[in-house]
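Chains as they are written, first to last, in the numbering used here: chain A, 1 to 196; chain B, 1 to 196; chain C, 1 to 196; chain D, 1 to 196.
In case anyone wonders, no lab produced these hints; they're calculated from the structure.
Check each hint, because a few of them may be wrong.
Put simply, identical chains are the same to the list, so a pair is met inside one copy or across any two.
[Claimed, not checked] Within a straight-line C-alpha distance of at most 30 Å, the following computed DSBU-like cross-link-like pairs (lysine-lysine) qualify: (1) Lys147 with Lys137; (2) Lys26 with Lys2; (3) Lys145 with Lys2; (4) Lys137 with Lys26; (5) Lys147 with Lys26; (6) Lys26 with Lys145; (7) Lys2 with Lys137.
As the structure is a prediction and not an experimental result, all values here were calculated from the model.
There are 4 protein chains.
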Amino acid sequence: MKTTRLEAFSDAVIAIIITIMVLELKVPHGATLDVLWSLFPVFLSYVLSFVYLGIYWNNHHHMIHTASRVTGPILWANLHLLFWLSLVPFVTGWMGENHFAPETAGVYGVVMLMCAIAYWILQEMIIAAEGSGSLLKRAIGGDWKGKLSPILYAAAIAVAFLFHWQWVAMSLYVLVALIWLVPDRRIERMLVAREE
Amino acid sequence: MKTTRLEAFSDAVIAIIITIMVLELKVPHGATLDVLWSLFPVFLSYVLSFVYLGIYWNNHHHMIHTASRVTGPILWANLHLLFWLSLVPFVTGWMGENHFAPETAGVYGVVMLMCAIAYWILQEMIIAAEGSGSLLKRAIGGDWKGKLSPILYAAAIAVAFLFHWQWVAMSLYVLVALIWLVPDRRIERMLVAREE
Amino acid sequence: MKTTRLEAFSDAVIAIIITIMVLELKVPHGATLDVLWSLFPVFLSYVLSFVYLGIYWNNHHHMIHTASRVTGPILWANLHLLFWLSLVPFVTGWMGENHFAPETAGVYGVVMLMCAIAYWILQEMIIAAEGSGSLLKRAIGGDWKGKLSPILYAAAIAVAFLFHWQWVAMSLYVLVALIWLVPDRRIERMLVAREE
Amino acid sequence: MKTTRLEAFSDAVIAIIITIMVLELKVPHGATLDVLWSLFPVFLSYVLSFVYLGIYWNNHHHMIHTASRVTGPILWANLHLLFWLSLVPFVTGWMGENHFAPETAGVYGVVMLMCAIAYWILQEMIIAAEGSGSLLKRAIGGDWKGKLSPILYAAAIAVAFLFHWQWVAMSLYVLVALIWLVPDRRIERMLVAREE
Numbered sequence: 001m002k003t004t005r006l007e008a009f010s011d012a013v014i015a016i017i018i019t020i021m022v023l024e025l026k027v028p029h030g031a032t033l034d035v036l037w038s039l040f041p042v043f044l045s046y047v048l049s050f051v052y053l054g055i056y057w058n059n060h061h062h063m064i065h066t067a068s069r070v071t072g073p074i075l076w077a078n079l080h081l082l083f084w085l086s087l088v089p090f091v092t093g094w095m096g097e098n099h100f101a102p103e104t105a106g107v108y109g110v111v112m113l114m115c116a117i118a119y120w121i122l123q124e125m126i127i128a129a130e131g132s133g134s135l136l137k138r139a140i141g142g143d144w145k146g147k148l149s150p151i152l153y154a155a156a157i158a159v160a161f162l163f164h165w166q167w168v169a170m171s172l173y174v175l176v177a178l179i180w181l182v183p184d185r186r187i188e189r190m191l192v193a194r195e196e
Numbered sequence: 001m002k003t004t005r006l007e008a009f010s011d012a013v014i015a016i017i018i019t020i021m022v023l024e025l026k027v028p029h030g031a032t033l034d035v036l037w038s039l040f041p042v043f044l045s046y047v048l049s050f051v052y053l054g055i056y057w058n059n060h061h062h063m064i065h066t067a068s069r070v071t072g073p074i075l076w077a078n079l080h081l082l083f084w085l086s087l088v089p090f091v092t093g094w095m096g097e098n099h100f101a102p103e104t105a106g107v108y109g110v111v112m113l114m115c116a117i118a119y120w121i122l123q124e125m126i127i128a129a130e131g132s133g134s135l136l137k138r139a140i141g142g143d144w145k146g147k148l149s150p151i152l153y154a155a156a157i158a159v160a161f162l163f164h165w166q167w168v169a170m171s172l173y174v175l176v177a178l179i180w181l182v183p184d185r186r187i188e189r190m191l192v193a194r195e196e
Numbered sequence: 001m002k003t004t005r006l007e008a009f010s011d012a013v014i015a016i017i018i019t020i021m022v023l024e025l026k027v028p029h030g031a032t033l034d035v036l037w038s039l040f041p042v043f044l045s046y047v048l049s050f051v052y053l054g055i056y057w058n059n060h061h062h063m064i065h066t067a068s069r070v071t072g073p074i075l076w077a078n079l080h081l082l083f084w085l086s087l088v089p090f091v092t093g094w095m096g097e098n099h100f101a102p103e104t105a106g107v108y109g110v111v112m113l114m115c116a117i118a119y120w121i122l123q124e125m126i127i128a129a130e131g132s133g134s135l136l137k138r139a140i141g142g143d144w145k146g147k148l149s150p151i152l153y154a155a156a157i158a159v160a161f162l163f164h165w166q167w168v169a170m171s172l173y174v175l176v177a178l179i180w181l182v183p184d185r186r187i188e189r190m191l192v193a194r195e196e
Numbered sequence: 001m002k003t004t005r006l007e008a009f010s011d012a013v014i015a016i017i018i019t020i021m022v023l024e025l026k027v028p029h030g031a032t033l034d035v036l037w038s039l040f041p042v043f044l045s046y047v048l049s050f051v052y053l054g055i056y057w058n059n060h061h062h063m064i065h066t067a068s069r070v071t072g073p074i075l076w077a078n079l080h081l082l083f084w085l086s087l088v089p090f091v092t093g094w095m096g097e098n099h100f101a102p103e104t105a106g107v108y109g110v111v112m113l114m115c116a117i118a119y120w121i122l123q124e125m126i127i128a129a130e131g132s133g134s135l136l137k138r139a140i141g142g143d144w145k146g147k148l149s150p151i152l153y154a155a156a157i158a159v160a161f162l163f164h165w166q167w168v169a170m171s172l173y174v175l176v177a178l179i180w181l182v183p184d185r186r187i188e189r190m191l192v193a194r195e196e
């Protein structure tokens, strides 16, 4: 299997996830702005998850590009990542409808943590398949973003479940998104270097 | 990232948005034409939004084609546009189910205005990335359509919220759609010229 | 715009329509075969529409292939066809849930008739764009299938609404599907001939 | 029609099926872990079906690659397979919501059996089109997986309906998934051999 096909399938799944997520924004009964306002928490959680999925789409693309071929472990690690990403609309809707109630914010973090772990596993599978001196390995370097994110997720999950400080948890989720929004030029730079 | 991939992802998202929008047309209880007739406003709003999304799909394609590469700002401006487009099924369903009630017509205009602004931002990002003498800049020229549309949307929003003249607002939305339906040959002409 | 892109977009929309149609098959309450049996009419109408959409997907592909370029009229005639196809899940669900009640069977036929007309318009737009001696024109020849289908749809609509003979209408819909299922080698043959 | 297009369409449909399946995981009312826990059976059935669809996606790809052209029978055998796969979200949701009640587990097996039969028919159509000495025929060899799976499905269906031993049935479904998860290198090896 070629990497382009894995990429096309993953792109399609992410495009569908990002779009069906809006179906959780159910059309309300009543035609006033008050009624619409009651959906604001669902809207906010939708915005956050939309940004997360945009980041995953973008980084996933760059990562897959460093692979020269698709092995069985890469294929299943990729499906494993798509599985956890597919749960994002569910936890987004649950958290939004319950106005970021502590346990819903905690479960949101659990799914995000699983996505991060699945992403890390996929990264390791690609590095393993490419052998020592893998382009991806050099590109990610110390991978401080990849190491920091799970710690922040875990902290957010802990404060949400233990202290019911859901706003601290939400702030941490926003923080992780911001960290990744800052463009990661490492892989891009390496790809350009390889071409030259 | 190549422009073809940004285009494929955007196409997929727009194809999904345009298609899941029909899910707002809920199968009614009762098997008579009377029951079906009660869905006519939802159907009408669906037609309008279908045409809008068709226009966005078409113009988006031509615009992306003028870009020679995808920068970070272009990528996120594109996701920003897709975000607002993804809200179209929601406002379409809300407006239709409430028979074009003033506030729903106003909110429909707000989302349309945000789509137009997001489209304009994406346009500017592409022009900025291409540098002075950008093909897109020359192609859009005075961009009277791009300048007129937000004004018409703003007017529609105002009359919907302030005077509750929802039919004036709806007429303005139809007018904007008609303006864009008239084919915009500028970009196409420039692309043909470039190839020659 | 290239025909490949129009084809890719149309394929995506048809793939989504064919798949979300199954969402009308709502998971029932109750875990017995009796409960499942009550969904049998919905299942039957799903099968019929699945076959219809498969036929449209296949023939649409062959037709687009005969076009050498995408003009504005072709683009909008294509979106017009996709619009009517997008209503298929709705009428399928409505007809199935109401056990093929006469008026639902009649409305199903109306949407099918509109799809057929939209397909015919698209065909004419491609022939017009290709000029005299168009490959498509020669390929479809007398186009007896294209001429017979609307007549059969119209007959089915009439008997459904006027006499409430919904089973005659359904038989006519099955008949049209069977007519088209018999492979139409005309276009394929012409394409092969052109390549040679 | 080229095999790449059949593949792209099938990929899109499978990507949509795998993703809309998560819509059966309905956002619950209530913001506690208890409420979430009640969805655990639905989650479990989702995991099982996700793995099945991942396996079908992967094997389908390899199988289509052995075909050199798409005949009418291949096209319709492929749509027939997609039809049964499209029912997977429905039976997955039904089984999950009813906590693997015997009859729901039996019906799940029936759909899985039909998918397996449809896959086998598609395989035979490709072999028939390729003629004697078909690459696919040599690649699948004795096809013990393809022969064993329907037997295991049939056994699961029988114990589910006759003895209400739904957990035996579920174990058999998991067993079939595991058998296929072990990578099937036959086709891949043949494709590599052909290229050399």
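Hint check:
Taking the shortest alpha-carbon separations for Lys147 and Lys137, only the intra-copy value of 14 Å comes in at or below 30 Å, while the best inter-copy value is 43 Å. For the identical chains of this complex, Lys26 and Lys2 are neighbours neither inside a copy (39 Å) nor across copies (35 Å), given an alpha-carbon limit of 30 Å. In this assembly of identical chains, the alpha carbons of Lys145 and Lys2 lie at most 30 Å apart whether taken from the same copy (28 Å) or from different copies (25 Å). With identical chains, the CA atoms of Lys137 and Lys26 are never at most 30 Å apart, being 43 Å at best within one copy and 40 Å at best between copies.
In this assembly of identical chains, the alpha carbons of Lys147 and Lys26 never lie at most 30 Å apart, being 36 Å within a copy and 33 Å across copies at closest. Taking CA atoms no more than 30 Å apart as the test, Lys26 paired with Lys145 passes in neither setting, with 35 Å inside one copy and 33 Å between copies. Proximity of Lys2 and Lys137 under a CA criterion of 30 Å is satisfied in both settings, with 21 Å inside one chain copy and 23 Å between copies.
Comparing the model with each earlier hint shows violations of hints 2, 4, 5, 6; every other hint is respected.
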